[in-house]
Each structure stands twice: as structure tokens, then as C-alpha cells.
Amino acid sequence: EYLFVKGWTDDFRHFGTDGLRAHYEDRIGRAVKMKYLGECSDFVGVSFKHDMERDLMELSSPDYWLKAGKIYQEHFPSGFKNRESPMTPADEKVMMEQVTDEQHEAAKHLPFRQLCGTISYPASCVKLEMRYAVSLCGTHRGKWGIRQWNVLKKVFEYGHYTRELDLMYSRGLDPHGISTLYAYSDASHQPPRSQGCTCVLLNGAAVAVETKKHTVTGTSTCHD
Numbered sequence: 005e006y007l008f009v010k011g012w013t014d015d016f017r018h019f020g021t022d023g024l025r026a027h028y029e030d031r032i033g034r035a036v037k038m039k040y041l042g043e044c045s046d047f048v049g050v051s052f053k054h055d056m057e058r059d060l061m062e063l064s065s066p067d068y069w070l071k072a073g074k075i076y077q078e079h080f081p082s083g084f085k086n087r088e089s090p091m092t093p094a095d096e097k098v099m100m101e102q103v104t105d106e107q108h109e110a111a112k113h114l115p116f117r118q119l120c121g122t123i124s125y126p127a128s129c130v131k132l133e134m135r136y137a138v139s140l141c142g143t144h145r146g147k148w149g150i151r152q153w154n155v156l157k158k159v160f161e162y163g164h165y166t167r168e169l170d171l172m173y174s175r176g177l178d179p180h181g182i183s184t185l186y187a188y189s190d191a192s193h194q195p196p197r198s199q200g201c202t203c204v205l206l207n208g209a210a211v212a213v214e215t216k217k218h219t220v221t222g223t224s225t226c227h228d
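Numbering (my numbering), first residue to last: 5 to 228.
Because the hints were derived from the structure by calculation, they are not lab data. Keep in mind that a hint or two might mislead.
Straight-line Cα separation of at most 25 Å, BS3-like style, residue types lysine-lysine; simulated pairs [what the hints assert, rightly or not]:
(1) Lys-53 to Lys-97
(2) Lys-157 to Lys-217
(3) Lys-37 to Lys-53
(4) Lys-147 to Lys-217
(5) Lys-217 to Lys-97
(6) Lys-97 to Lys-216
(7) Lys-157 to Lys-71
(8) Lys-74 to Lys-112
(9) Lys-216 to Lys-157
(10) Lys-157 to Lys-112
(11) Lys-158 to Lys-147
(12) Lys-158 to Lys-216
(13) Lys-74 to Lys-97
(14) Lys-147 to Lys-112
(15) Lys-157 to Lys-97
(16) Lys-74 to Lys-158
(17) Lys-39 to Lys-97
Model the full assembly from the supplied sequences, consistent with the hints where possible.
Listed below in C-alpha cells is the structure:
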């Protein structure tokens with residue numbers, strides 16, 4: 005028999021065989037005050053769609069983006085545009101600009117930090133393809149201008165528009181095999197310090213993506 009339990013602050017998801025699950029619920033119910041909500045379809049803002057017949061597991065966060073859209077709606081007076089990419093090369097260049105004191109003074113009233121934090125959470129859970137854009141936006145959390153704010157808004161619009169497209173895990177469809185980890189890595193080799201990225205996948209979808217500036221200046225692409 006088996007039992008899996010996942011705890012997050014005051015939320016606990018558990019699943020397993022009938023015997024162990026009943027034993028767990030009895031023991032923990034006597035030790036801690038618990039409220040059972042039945043079958044769990046979402047957890048900490050992430051929705052789960054488990055298709056046992058086709059061996060598929062879909063993770064998404066559409067409700068999170070819709071709620072966030074209502075919070076920041078005043079900053080999108082023309083509504084949310086449909087964007088199919090988190091960040092364009094032109095946007096990337098804007099995020100690498102140095103912001104002057106005058107530029108920051110004109111934009112410091114805008115909730116840059118708050119919006120950046122809002123998109124950071126789904127980017128770490130289900131919208132892993134946004135990690136690079138979030139990383140660049142995060143470099144301006146201490147000092148931003150109107151141009152950087154407008155790029156951040158585009159990143160949010162991408163997440164809002166593609167809120168139904170997230171992670172899809174499968175059984176038997178990945179050519180690497182069932183539950184076999186494999187990874188890719190790359191770097192921009194951009195002076196003075198390269199931006200690196202690693203992506204780990206399992207059963208047809210990513211399980212971990214990390215991107216950040218390297219701590220040293222690479223002397224070659226191979227070094228990066």
C-alpha cells in the first residue's frame with residue numbers, strides 16, 4: 005500500500021490506497037482539527053485535471069490570472085491584449101537599459117514590484133516558460149521607469165492570455181521513457197555576464213526551469 009501527503013501551511017492534499025488513506029484520516033483527525041473538502045481539483049492557485057483513462061495530468065492556473073486581472077484592471081484601460089510571447093527582443097533590450105533617477109521619479113507611483121510579484125508565482129509553478137521574462141523584470145524591482153513598466157504589463161498580458169495553456173504530463177508518450185528525467189541548458193554569452201538557463205523535463209513536460217545571471221564573466225561560449 006502507499007500514501008502521499010503534501011502539506012502547504014494549513015492545506016494538506018493526500019492520496020493513496022484505501023486502507024492507508026483511512027488509517028491516516030483517522031489518526032490525523034484525532035491529533036489535529038481538520039476539515040475535509042473531498043476530492044481536490046486545485047491547490048494553492050494551481051488547478052489539476054487528471055485523466056486516468058488517457059494517462060494525462062494537466063496543471064494550469066486560469067482562475068489566478070482572472071483574479072489578478074481584476075486587481076490590476078485600472079492599469080489596462082483598453083483591456084488586456086492577446087500576446088503569444090512573454091517578451092520580444094525589443095522588450096528585452098528595454099529591460100537591460102539603465103534607469104535614470106528622473107525616469108524612476110516619473111514612474112515610482114506605479115505598482116511595479118506588486119505586478120512583478122504577481123507574475124512570479126505562476127512562473128514558478130505552471131508558467132515556466134515565463135521564467136526568463138520574470139528574471140529580467142525582477143532586475144528593476146528597485147528602480148524602474150515607464151518603459152520598463154510597459155514591458156512588465158506585456159508579460160502580464162501574455163500570462164493572462166495563455167492562462168489555459170500550461171503543463172501537460174503524460175504516460176508513455178515521452179520518447180525518453182516513463183518517469184525518466186532529462187535536461188537542457190544554454191546561455192546567452194552576453195557581456196558582461198551571461199544569462200544562463202536550465203530546463204529539466206519528465207513525462208513530456210518541464211518540472212523545473214531556472215534562469216539567472218552568471219556570477220562570473222565567461223571567456224567563451226563553452227565557458228558559459
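Exercise. Decide if the proposed pair is consistent with the structure: Lys-157 and Lys-71, CA atoms, cutoff 25 Å inclusive.
Key: holds, 16 Å
Practice problem: Verify the proposed pairing of Lys-157 with Lys-217, using a straight-line Cα cut of 25 Å. | Solution: holds, 23 Å
Exercise. Compare the distance between the alpha carbons of Lys-37 and Lys-53 with 25 Å, and conclude whether the hinted pair is satisfied.
Key: Roughly 28 Å between the alpha carbons, so the hint for Lys-37 and Lys-53 is violated.
Quiz item: Is Lys-216 close enough to Lys-157, meaning Cα to Cα at most 25 Å?
Solution: With a Cα-Cα distance of about 21 Å, the restraint between Lys-216 and Lys-157 holds, given a limit of 25 Å.
Quiz item: Is it true that the CA of Lys-158 sits at most 25 Å from the CA of Lys-147?
Solution: holds, 18 Å
Quiz prompt | Straight-line alpha-carbon gap Lys-74 to Lys-112, limit 25 Å | solution = holds, 22 Å
Practice problem: For the pair supplied as a hint, Lys-157 and Lys-112, confirm whether the alpha-carbon distance does not exceed 25 Å. | Solution: Satisfied, since the Cα-Cα distance of roughly 15 Å is no more than 25 Å.
Exercise. Quickly compare the C-alpha distance for Lys-39 and Lys-97 to 25 Å and report which way the hint goes.
Key: Outside the cut-off at roughly 50 Å; violated.
Quiz prompt | Agreement of Lys-157 and Lys-97 with the hint, judged by alpha carbon distance not exceeding 25 Å | solution = Measuring from Cα to Cα gives roughly 15 Å; hence the hint holds.
Self-check item: Agreement of Lys-74 and Lys-158 with the hint, judged by alpha carbon distance not exceeding 25 Å
Solution: Status holds; Cα separation ~16 Å.
Quiz item: Keeping to a limit of 25 Å between CA atoms, is the pair of Lys-147 and Lys-217 held or broken?
Solution: Given that 25 Å is the threshold and the Cα spacing comes to 18 Å, the pair holds.
Quiz item: Are the Cα positions of Lys-158 and Lys-216 separated by 25 Å at most?
Solution: holds, 20 Å
Violation of the numbered hints given earlier is confined to hints 1, 3, 13 and 17; the remaining hints are satisfied by the structure.
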